[in-house]
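Whole structure, please, built from the sequences with the hints as guidance.
Letter by letter, the chains look like this.
2 protein chains.
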Amino acid sequence: MKAALKQAEKAIAIGEVPIGAVIVYEGKIIARGYNRRNTDKTTLAHAEIACIRKACKKIGDWRLEGCTLYCTLEPCQMCAGAIIQSRIDRVVIGTTSPKSGCGGTLLNILQNPDFNHQADVLYGVLREECTEILQRFFKDLRRRNKERKKMLRLQQAQISEHPVQIQQAQISEHPVQIQQAQLSSQQPAPHEQEVIRQ
Amino acid sequence: MKAALKQAEKAIAIGEVPIGAVIVYEGKIIARGYNRRNTDKTTLAHAEIACIRKACKKIGDWRLEGCTLYCTLEPCQMCAGAIIQSRIDRVVIGTTSPKSGCGGTLLNILQNPDFNHQADVLYGVLREECTEILQRFFKDLRRRNKERKKMLRLQQAQISEHPVQIQQAQISEHPVQIQQAQLSSQQPAPHEQEVIRQ
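First to last, the sequence lines map onto chains C and V. Just so we're aligned: 32 in our numbering is position 32 of the first sequence, and the numbers increase by one with no gaps anywhere. Just so we're aligned: 38 in our numbering is position 38 of the second sequence, and the numbers increase by one with no gaps anywhere.
Quick caveat, the hints were computed from the structure, so don't treat them as lab data. Please note: incorrect hints may appear among the correct ones.
It does not matter which identical chain is used: a pair holds within one copy or between any two.
Claimed, not checked - Listed next, the in silico DSS-like pairs over lysine-lysine satisfying Cα-Cα at most 27 Å (straight line):
1. K57 - K10
2. K28 - K41
3. K57 - K99
4. K54 - K41
5. K146 - K28
What follows is the structure, encoded as structure tokens:
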């Protein structure tokens, strides 16, 4: 689980929700993955899915029998489904997910007796560390969002107090960019474009 | 659904279970996929997952809001989970899957009120065609398996009737490979290896 936590730290470093996972086969880590959903702009960039893709490549089979997956957060419906489809034997979970947890919190996809495979599940390994890294990320995110909103309010207040001076100051600082922006947004007539070019 | 069935035909052509899917956005097919699980040796080669990967790339976002997914077979737990995670609005299903169907047959992942997204689901579109293509594939598979077993029984009968002649015939045809196979399987003592080398 410490290796999975290291992967979660990599997610934080690129501004993603810190979720990490590793797959162990015959006592060795054969695949590592971390959440890159916003960075890669694909639903399939969850930590567990990245791990399963790498492990299949390593083993050369879509069946990952004999493998154990360690994940810092309880898998969602997609990842839990992929674990069952790849016949992973054992899942070790750090902390639970109240929003999309499908290892027992909202639903138990990992151990549904109607499916043709069920995984052994161990909960709460390094629970505190796995919870703390998420709390730290969301606390920091809230702080940054608050600062951004404050800054935006300040700017809006300045514009409404001194609209002309601020526009003129902006033009003298970045005249070309602002003129171009005005051009593309306002779509002036051809003769107006001529004036700007001169 | 006809486009999804065309994808399923592609799966048959490479000896895979014929399952196909397409994703439609603003009236146009933006992604196509078919089952390649054994060919690509990865759990993630299901038709729907291939479609979702391509659609995310096309739209440039992990959110596929406004999209409709057409699939010839009811999605499994992984694919249904991926549909919910990618926030696809609508799923059109050809035929149901009694073994792993998670659009209502074994479980309804597509419309679970506890998740933060639910999809509209339409069942039974081109049901007969979608069922027939699967039945045709499995009928053909059973026939081929039966023929293979018959051939194997015939070979075993020949070996038990004339063991020496057959072994000698095999040796004279492929002497080196058979000697090597004997070496590795029987692990002879060093002096026996010397005899073979001569």
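Next item on the list: Could you figure out if K57 and K99 sit no more than 27 Å apart (CA to CA) within one copy, between two copies, both or neither?
Entry: between (31 Å within a copy, 26 Å between copies)
Checklist line | Homo-oligomer pair classification [K41, K28; C-alpha up to 27 Å] | finding: Between. Shortest inter-copy distance 21 Å satisfies the 27 Å Cα cut-off; intra-copy 30 Å does not.
Checklist line | Intra- versus inter-subunit Cα pairing at 27 Å for K57 with K10 | finding: Both ways: K57 and K10 sit 22 Å apart in one copy and 23 Å across, limit 27 Å.
Next item on the list: Give the relationship of K54 and K41 under a CA distance limit of 27 Å: within one copy only, between copies only, both, or neither.
Entry: both (19 Å within a copy, 11 Å between copies)
Notebook entry, point to check: When no copy is specified for K146 and K28, does a C-alpha distance of 27 Å or less occur within a copy, between copies, both, or neither?
Noted result: neither (43 Å within a copy, 40 Å between copies)
Comparing the model with each numbered hint stated earlier shows that hint 5 is the single one that does not hold.
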